[in-house]
Amino acid sequence: MESSDEQQIKQLQQTNPGVPPPGAQFEYLNHPADIILHSWGTDLQSALCNIVLCMFGYMTSLESISTNEVESNNHGSHMVAEGHDLRSLIYSFLDEWLFNFHDTDFVAHSITINEINIEEWRAVSSGKGEIMDISRHPQGMEVKAITYSGMRVDEREGRVDIYVVVDI
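The numbers in this note's numbering rise by one with no breaks, and the one at position 113 of the sequence shown is 153.
Hints are not guaranteed to be accurate.
Unchecked claim - With beta-carbon atoms standing in for the labels, derived distance ranges:
| no. | residue 1 | residue 2 | range |
| --- | --- | --- | --- |
| 1 | Ser150 | Asp173 | 27 to 33 Å |
| 2 | Phe139 | Glu197 | 29 to 35 Å |
| 3 | Arg196 | Asn108 | 18 to 24 Å |
| 4 | Ile174 | Arg196 | 38 to 44 Å |
| 5 | Gly63 | Thr107 | 14 to 20 Å |
| 6 | His118 | Arg176 | 22 to 28 Å |
It should be emphasised that the hints constitute simulated quantities derived from the structure, not laboratory data.
These figures come from a predicted structure and were not determined experimentally.
Beta carbons: idealized from backbone N, C-alpha and C, even for Gly.
Work out the full structure: start from the sequences and follow the hints.
What follows is the structure, given as structure tokens:
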């Protein structure tokens, strides 16, 4: 049985966007005018997936998102990002998911990299989720744009960290 503190934390995570769920490999860092998304993973693929979840988690509670297979197939599959270097690939990857949200209202609670080619700076991904519904998904902050400002990638053995400032 959960303690009262655990229940309050769970309720906060379910109703407040911007509060990472337990075990999340991302966080939100302060920025004077915007917000810094920080994700990490054991490799580039997992860090990329987590940066998208970080963005969606700022827009709504990830725990409120269910999987609708039809909507996931229609709006969350075969997302192609291309760049000319690592930073541009990260920018494109996030921007494709943000554009897709603005176009279809699709929010994902899980992201999978289906294909990545670092030599060609290309990544193809898919996500599981559903169309955002304000009656079921608490509204967080609107992410207007991805920026290159302050973008950073720290790679070391067994861990990749990505930092991206987004315009809110």
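Let me make sure I understand: some of the numbered hints might not hold for this structure. Which ones are they, in numerical order? 1 and 3
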